[in-house]
Amino acid sequence: MINGIERWKKTYPEKFIPEDQIFRHIHRGDRIFIGTGCGEPQYLVRALTQYVQTHPTSFFDAEVLQVWTLGVAPYADEKFKTYFRHNSFFIASNTREAINKGVADYTPVFLSHVPYLFSRGIIPIDCALIQTSPPDDHGFMSLGVSVDIVKAASEKASCVIAQVNSFMPRVHGDGFIHIEDVDFIVPYDEPILEYVSEADTEIAQQIGKYV
Numbered sequence: 000m001i002n003g004i005e006r007w008k009k010t011y012p013e014k015f016i017p018e019d020q021i022f023r024h025i026h027r028g029d030r031i032f033i034g035t036g037c038g039e040p041q042y043l044v045r046a047l048t049q050y051v052q053t054h055p056t057s058f059f060d061a062e063v064l065q066v067w068t069l070g071v072a073p074y075a076d077e078k079f080k081t082y083f084r085h086n087s088f089f090i091a092s093n094t095r096e097a098i099n100k101g102v103a104d105y106t107p108v109f110l111s112h113v114p115y116l117f118s119r120g121i122i123p124i125d126c127a128l129i130q131t132s133p134p135d136d137h138g139f140m141s142l143g144v145s146v147d148i149v150k151a152a153s154e155k156a157s158c159v160i161a162q163v164n165s166f167m168p169r170v171h172g173d174g175f176i177h178i179e180d181v182d183f184i185v186p187y188d189e190p191i192l193e194y195v196s197e198a199d200t201e202i203a204q205q206i207g208k209y210v
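Residue numbers (numbering that gives the first Met the number 0): 0 to 210.
Some clues are possibly wrong.
Said to hold, decoys possible - If you anchor each label on the Cβ, the simulated ranges turn out as follows: (1) Glu77 to Tyr115: 28 to 38 Å; (2) Lys100 to Thr200: 28 to 38 Å; (3) Pro17 to Pro123: 44 to 54 Å; (4) Pro12 to Asp199: 42 to 52 Å; (5) Thr81 to Gly172: 16 to 26 Å; (6) His137 to Phe109: 28 to 38 Å; (7) Pro123 to Gly172: 18 to 28 Å; (8) Gln20 to Glu197: 36 to 46 Å; (9) Ile4 to Asp76: 45 to 55 Å; (10) Glu77 to Gly3: 34 to 44 Å; (11) Ile202 to Asp19: 19 to 29 Å; (12) Pro190 to Leu110: 20 to 30 Å.
Please keep in mind that the hints were generated in silico from the structure rather than gathered at the bench. We treat Cβ as the ideally placed atom computed from N, Cα and C, and that holds for glycine.
Construct all of the structure, not just a fragment, from the sequences and the given hints.
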């Protein structure tokens with residue numbers, strides 16, 4: 000990916016600045032949307048939590064919105080409660096304890112309603128952390144496995160930070176975002192998350208026959 004991204008670094012140098020400069024655009028009380036499920040930008044999440052540890056006065060009381068937290072979720076840890084308040088639209092195993100303790104929130108909502116809440120500004124987004132494929136020759140990046148609410152969040156966020164990952168597949172359809180519509184880009188390759196289902200069982204086989 001490195002060779003392919005060099006062209007875009009020359010065209011948009013302002014989008015490829017150091018991470019500590021990127022995260023300065025997050026302010027106190029901001030609402031941060033993080034890509035969900037297998038499309039979570041894991042590196043960006045780790046980098047953001049490392050940033051607040053090295054810059055302890057950077058911001059406070061940011062709300063982190065996420066649907067299904069399949070990957071890393073350090074922002075739900077009590078030691079980060081000064082900086083982040085996690086608000087989930089779906090309770091995942093790695094955030095359930097924080098929600099049960101009252102240090103994180105759960106907002107029940109139909110997934111299909113979330114884009115409407117974003118587009119109408121009912122839930123405004125200050126910053127969106129997303130993951131995309133590398134840009135093609137025309138500057139279009141695919142949201143890959145994250146063709147859910149990520150596009151709606153990206154279109155309405157005041158600031159969009161994208162982890163460009165060559166492991167993210169290009170998926171046809173209405174799941175592209177142009178490099179001009181992204182404020183900052185962090186190239187970082189890592190395997191995307193995979194949801195591993197439970198082992199096949201005799202019961203599952205029988206249910207499958209009925210279906």
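Is the hinted range of 28 to 38 Å satisfied by the C-beta distance from His137 to Phe109?
Since the Cβ atoms of His137 and Phe109 sit about 35 Å apart, the hinted range of 28 to 38 Å holds.
Using the Cβ atoms, figure out if Lys100 sits within 28 to 38 Å of Thr200.
Since Lys100 and Thr200 have Cβ atoms about 33 Å apart, the given range 28 to 38 Å holds.
C-beta pair Pro12, Asp199: status relative to the range 42 to 52 Å that was hinted
holds (51 Å)
With 36 to 46 Å as the target window, see if Gln20 and Glu197 comply at their CB atoms.
holds (44 Å)
Gly172 and Thr81 - C-beta distance against the hinted 16 to 26 Å:
violated (40 Å)
Given the hint of 19 to 29 Å, is the C-beta distance from Ile202 to Asp19 inside that range or not?
Violated, since Ile202 and Asp19 (Cβ atoms, about 51 Å apart) do not stay within the stated range.
Cβ distance range 44 to 54 Å for Pro17 and Pro123, holds or violated
violated (27 Å)
Starting from the range 45 to 55 Å, see whether the pair Ile4 and Asp76 falls in it by beta-carbon distance.
Violated: the Cβ-Cβ distance is about 32 Å, outside 45 to 55 Å.
I want to verify a distance hint. Is the separation of the beta carbons of Glu77 and Gly3 within 34 to 44 Å?
Given range 34 to 44 Å: holds, Cβ gap about 41 Å.
Look at the Cβ atoms of Glu77 and Tyr115 and judge whether their distance stays inside 28 to 38 Å.
holds (33 Å)
Is it true that Pro123 and Gly172 lie within 18 to 28 Å of each other by Cβ?
Between Pro123 and Gly172, where Cβ atoms are some 26 Å apart, the hint holds.
So does Pro190 sit 20 to 30 Å from Leu110, Cβ to Cβ?
Cβ of Pro190 to Cβ of Leu110: about 25 Å, so the range 20 to 30 Å holds.
Hint check: violations occur at hints 3, 5, 9 and 11; the rest are consistent with the structure.
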